[in-house]
Amino acid sequence: MKAFLIYIGRNLYFSLREVVRNILRSLLSSFGIIFLIAFLVLYLSLRQSIKEYIGGTLFGTLDINEIVVSPPASGAGALVSIGGRTEKIAPDRVRRIRAINGVGEINSIIRMEYPAKVKLEMFGRSVREYMPVYGISPAFLRKSEKRWRQFVPGDEIPVIVPKFVLDVFNNLAAARGLPQLGEKALWGFPMELVIETAARGAPERKKYDQPARVFGFSAELPLTGLVVPSDFITKFAAAHAGDPGAIRPGFSYAQLVVTVKDVKDLPVISKNIQSLGLKVESQQEIAAKTNKALAVIDGSSLVIMGIFLFLTVIAIFNSYLTIVYNRSYTFSLQRVIGVSKVRIILTFVFEAALIGALFGLIGYYIGVMAIGYLKHNMPHWVPVLKGLTLSRDSGGLLPLAVGLSALLSSVSAFIPAVFASNMNLFRAVQK
Amino acid sequence: MRGAGRGKAVDEPALLSIEGVSASFGKRRILDDVSFTVEPSSIVAVTGRSGAGKTTLLGIISGLMKPDGGRVVYKGQNILKWGDFKRSRFRNREIGFVFQFFNLLPDMTSYQNIFYPAIISPRSRNLKEKVDYLVGYLGLEKILHQYPATLSGGERQRVAVARAIINNPRIILADEPTGNLDERSANDILSLFKKLRDENGMAIVIATHDSRTVASADVHFNIDDARLQRIEPPERRKKSRRGR
Ligand SMILES: Nc1ncnc2c1ncn2[C@@H]1O[C@H](COP(=O)(O)OP(=O)(O)O)[C@@H](O)[C@H]1O
Ligand SMILES: [Mg+2]
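Chains as they are written, first to last, in this note's numbering: chain U, 1 to 431; chain F, 432 to 675.
Chain U with its partners taken away, still in its complex shape:
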């Protein structure tokens, strides 16, 4: 046993000596492997980030057992309607969905049908603007807002400003020569909602001033108006249904989030809702779309890596062939001394694997560095990807990178190794 360990140790020593000698020789031709591994690490991180990004934006408030129901003509989950009319989900549809077997809680985004003006004092000037008002239940915010339980009507109505609305507001402000306002400046900002219960042209209109305050901002709600607790809208509508010329009903459904009691029933329920003429989206469907998009990314990356791989293998093959030629004297002498062919092949392949592992390590760290670089610079190049946070690999890809590189290197070295094993000193000496 001890003799065997000594034997292993000695052989390892001679192998490592060769590796150290050959590192520089194989460095140039093995650049490909470094690139390949770096690209792989980059690609896998990018893929992961894209997946998380898509998941994060689309599933931010969506659970696996939830279905988003939108009016038929609206875009994918969007309630944006600039200038035009917002599509609605008729109340009878909501009742019918509620009646479907297996449907649990239904959370809704509702739209107040009464015209409402936002009134706020800013820099000594008063701003008044008609703006749609939507209602959501606090449960909508449970993932994105720590204070979601406080999002309930009180003396002052809490208001959430969608990012999109903030931008529109700032554009308006700019047009009127007012300075732009960021989120920080607007946090807790007081305002008044002036709600008119009759249509704008009606001869007799009642107006109600409702104090409100900016509660927060949201990038997830794709809405074109202010967002208040839905309780406030429903109660207000109930209280003022009898006003002269009051619009009825006082609110409509803009979007529903239907919770399914058992996830297994989701596809069936989803089909049922679709048959009511409504648009339906669930995590499962989004996941399918995401996977399609990722398949395209994967496909093109695989083609690139395939070409890289091919060139790398050729380069390594070539470099090892040179090494075999340079070491032909040693190999043939080893044959004379009694090293078997199999052993020469194994040793050579083992050395190649060690060198490959080393280059894999280098490639990995270059890839990680590239991720760090892209993390800082990509949002400047491609502003759309601002929300995409590239995550540096925390070491999980390291074994893959090193192992793959070692494998690649040793496979490429195999044929040269066979050549090496057939070296014949009697020919080498005779020349």
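Don't read these hints as lab results, they were simulated from the structure.
These numbers were taken from a predicted model, which means no experiment stands behind them.
Careful: at least some of the hints might be erroneous.
To give an idea of the interface, some chain U residues facing chain F are shown, with a C-beta separation under 8 Å as derived from the structure [as the list claims (entries may be wrong)]:
1) 7
2) 10
3) 333
4) 335
5) 339
Quick list of in silico lysine to any residue cross-link-like pairs, SDA-like style, CA-CA up to 20 Å [unchecked claim]:
6) 561/F <-> 547/F
7) 117/U <-> 232/U
8) 497/F <-> 419/U
9) 497/F <-> 24/U
10) 561/F <-> 6/U
11) 517/F <-> 232/U
12) 341/U <-> 547/F
For glycine and all other residues, C-beta sits at the position ideal for the given N, C-alpha and C.
With chain U fixed as given, assemble chain F with the ligands onto it according to the hints.
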């Protein structure tokens, strides 16, 4: 053809026998129906002009080259039937090589060069003692940690002989071992071979041009026009000197 079997029963199997070996490169026949035997404790000289096929013959004996036909029988077994693994082990344990150009590994010290054939086999034991013994035996103490490039021809060849015998082989195959040495170094190597023959019972097959080597041999073969012929010594004095 029975070779160097002095004082032995004629029907006792030889250590090594080459039987009807033929070899060619392309259409050129290098060896034609070559047969001879090698006995333990003997020096066999193989002569022939340059290109006659001496190196080829040593390559075939060691199992590094395949002949067109014939048998190479070692201790009753035809080594040509063996697979590479067995032939490699045969070369490692039973044969030692010495070459005209010494063929040491340039990036290893004398010590490592001598060591090298032994590390191939996991069964090698007491390596340090063996090397130490050989170093004393061949007087290599002073050059043990020098690299081949810093050694003289004679020193290199002595290191090469040490490497050839580290695994205590039964046969040494030497391809023009004195061809690149000055007279004194050549004599050193020759007396070393005689010592190994006499003290260790080794058989030494030497391909050579050198007349002194031929004179030191117990048996002399010459290759001419692909055929091997035994040359009887001109005087019988040599034989009586060996007759102990
Ligand atoms: N690999 C080879 N291919 C073709 N011819 C060869 C090869 N090796 C040796 N020869 C030829 O075989 C002949 C015998 O070579 P060799 O055995 O080296 O002769 P020697 O050792 O007696 O000088 C030479 O003519 C040589 O040119
Ligand atoms: Mg020769």
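Let me make sure I understand: some of the numbered hints might not hold for this structure. Which ones are they, in numerical order?
9, 11
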